[in-house]
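Asker: Sequence:
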Amino acid sequence: MVALPLVAAAVPAAMYVSSKLALPRDVKLIKSLIGAKMAYSAMEKNDALNLTLRFDECYRKYPDREAMVFEGKSYSFRDIQLASNRCGNWLLAKGVKRGDIVSLFMLNKPDFIFCWLGLNKIGATGAFINTNLTGKPLTHSLRTATSSMLIMDTELTDAIANSLDEIQAMAYRIYSYGPEAVDFATPMDISQAPDTDTPEHLRRNTTADDIAMLIYTSGTTGLPKAGRVSHARASMGPQFWNRFYHFSESDRVYLSLPLYHSAGAILGVIACWTSGATLILARKFSATHFWEDCRVNNATVIQYIGEICRYLLNTPESPLDKAHSIRLAHGNGMRPDVWTRFRDRFGIPLIGEWYASTEGTGALSNYNTGPGGAGAIGYRGALARALDKGLRIARFDCKPGEPGELLTLVDAKEPNKDFKGYHENQAATNKKIVKDVFKAGDMYFRTGDILRRDSDGYFYFGDRVGDTFRWKSENVSTAEVSGVLSQYPD
1 MVALPLVAAA
11 VPAAMYVSSK
21 LALPRDVKLI
31 KSLIGAKMAY
41 SAMEKNDALN
51 LTLRFDECYR
61 KYPDREAMVF
71 EGKSYSFRDI
81 QLASNRCGNW
91 LLAKGVKRGD
101 IVSLFMLNKP
111 DFIFCWLGLN
121 KIGATGAFIN
131 TNLTGKPLTH
141 SLRTATSSML
151 IMDTELTDAI
161 ANSLDEIQAM
171 AYRIYSYGPE
181 AVDFATPMDI
191 SQAPDTDTPE
201 HLRRNTTADD
211 IAMLIYTSGT
221 TGLPKAGRVS
231 HARASMGPQF
241 WNRFYHFSES
251 DRVYLSLPLY
261 HSAGAILGVI
271 ACWTSGATLI
281 LARKFSATHF
291 WEDCRVNNAT
301 VIQYIGEICR
311 YLLNTPESPL
321 DKAHSIRLAH
331 GNGMRPDVWT
341 RFRDRFGIPL
351 IGEWYASTEG
361 TGALSNYNTG
371 PGGAGAIGYR
381 GALARALDKG
391 LRIARFDCKP
401 GEPGELLTLV
411 DAKEPNKDFK
421 GYHENQAATN
431 KKIVKDVFKA
441 GDMYFRTGDI
451 LRRDSDGYFY
461 FGDRVGDTFR
471 WKSENVSTAE
481 VSGVLSQYPD
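Numbering (the UniProt record's numbering), first residue to last: 1 to 490.
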């Protein structure tokens, strides 16, 4: 009988220790990461690294299920399969080969996804050009892509026309995708292209080094840098994400972020391909129509950048604010002063704040269901930190609560920790790497972000290092701002 009081006393003690060490949260993180690594190993073993095979798996499972909705029109997995096959076969007929790069200057539409899939189905790479660019940043991005073909949305004709001489001097073949005629471009008519599968050997034998897409990030020089995203990385990230946040085929993901960014492309589109979820694609973000779109389309997941949440809070309050089916809002850059107000007003059960970059080698995530940890960009308990020492906040030796630059381990053996560098920019690549940091032979990626970790394991964003700043959750170069201002007289 003496043992019973001891057991009774041990239970709350164990609960207290578990709470302080955050074991359940760490175990969830570790299980998700192990599951993702096992899935990646299976892809590698089965010669299935090409990310289009993630989509093919969904297509084979449920070809006639709704895969995507755009402006009221529904697309099944079969519809996307056939359209992307036509794009792939059209590209082959135009001489695009495995390993080639094709620049995509396209808006958030199904056409973007058809072209992207079509390129990867023939082993080619898409360079995703930011559709807000004009002038020098646009021509620099096109030049950096080292491509000879440009597929442009006809709604973006003016941006290309204003720099046409320079673009044509790069020997670009320009094709227009859309109903309007463009006098300097050849229409991309895929209607007569075969909708049969592209040759299988073009998407097989894909290695961890093969590049699926180029995604541009802001550079300290003021001009975009093309981050090289491998098939392995693009496939691995969503494998973890879907496990950690329980994505499934019953989810309906509302995406208003641009497809040319990694957040929308990888954690939006590819996460749907990996889980079988339905993608609800918006042409662009609209605070006025956001919740109505979610209600009409029965969305269960929304993706944000921090400014989106602030814009939504700035709309007039409505009795319909909580009339939706959203179970998860995930994204990056939600400000601490917005966090709780956003959750309470719109009734969001789970916020998934994360920290990552297109080309970086580490990530953080905050699975947040209550006030604890609100405003944090990620969480690592004692167990997770002990098992994975690949994220370091460095100044000299930062103690809990002290700010420092986040360094993330580079490990070529791990797809989520392998830094592929910037396309055609070795100098920028070299600047991002530091060696022999904590021991001889190690290598770390410099994020350029000042973070701090509190004693409970929560990470908080502080500031940017160097000549960049955060604006609408994007890194902006002060050199770029200076360059624009210098064009105007005093």
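The hints are simulated quantities; they were obtained by calculation from the structure and are not laboratory data. Warning: the hint list may mix true and false statements.
To be verified - Lysine-lysine pairs mimicking DSSO-like chemistry, simulated, CA-CA at most 30 Å apart:
| # | residue 1 | residue 2 |
| --- | --- | --- |
| 1 | 420 | 31 |
| 2 | 413 | 28 |
| 3 | 45 | 73 |
| 4 | 73 | 37 |
In this text, all values refer to a predicted model and were calculated from it rather than measured experimentally.
Asker: State for each hint whether it applies.
Answerer: Hint check:
no., hint, in the structure
1, 420 <-> 31, "holds, 26 Å"
2, 413 <-> 28, "holds, 23 Å"
3, 45 <-> 73, "violated, 38 Å"
4, 73 <-> 37, "violated, 36 Å"
Violation of the numbered hints given earlier is confined to hints 3 and 4; the remaining hints are satisfied by the structure.
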